Amino acid sequence: MDFPAKLVEPMADPEPVLAALGVAQGDVVMTDDIVVAVDNEAIVAALAPDMAKLAALPGRGVVVTAPGREFDFVSRWFGPKVGVEEDPVTGSAHTTLAPYWAGRLGKTGRSGHPHRPGGALSARDDSVLRRAAHADSTTHEPPRSA
0 MDFPAKLVEP MADPEPVLAA LGVAQGDVVM TDDIVVAVDN EAIVAALAPD
50 MAKLAALPGR GVVVTAPGRE FDFVSRWFGP KVGVEEDPVT GSAHTTLAPY
100 WAGRLGKTGR SGHPHRPGGA LSARDDSVLR RAAHADSTTH EPPRSA
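So in numbering that gives the first Met the number 0, spot 4 of the sequence shown is number 3, and the numbers just go up one at a time.
Nothing false has been slipped in among the hints.
Here are the simulated lysine to any residue pairs, SDA-like style, with alpha carbons at most 25 Å apart:
no.	residue 1	residue 2
1	Lys80	Asp31
2	Lys106	Arg68
3	Lys106	Gly67
4	Lys106	Asp26
5	Lys106	Ala41
Label-pair ranges, simulated between beta-carbon atoms:
no.	residue 1	residue 2	range
6	Asp49	Gly105	29 to 39 Å
7	Gly105	Asn39	13 to 23 Å
8	Glu14	Gly102	18 to 28 Å
9	Gln24	Ala55	14 to 24 Å
10	Arg68	Ala11	24 to 34 Å
11	Asp38	Pro9	10 to 20 Å
Calculated directly from the structure, the hints in this document are not laboratory data.
For clarity, every value in this text was computed on a predicted model and none was experimentally measured.
Backbone N, C-alpha and C define an ideal beta-carbon position, used for all residues, glycine too.
My request is simple: use the sequences and hints to build the entire structure.
Okay, structure coming up:
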């Protein structure tokens, strides 16, 4: 499936987002989701956010992302406001993550992996995202290339 890419805007007050996630710092930007980029994959894995605080934030949901070890980036998406505490593979969130990481990595082809079992996603360019895996945790994109 192909999805159009979304570009991020700075978020005026990131402190409530960081507090809801229980992280000290991160790059906080927004589209219809709030995007928080943290320093490493371990932070993403260890998240235990306050769902009530996340539900009170603007936007549809919150996606937390970091550079990955095996993939270009990893992510977790939380949407308590829309009735989904955590979605294991949120293709729509990757329509924001693909162009975000393209700018940070200086690459047009990227591979992303949700930090929970469920599949991998790949982006072909800055304008289109292709869902490369289904809700089958045995299907993965190949590791990123240098």
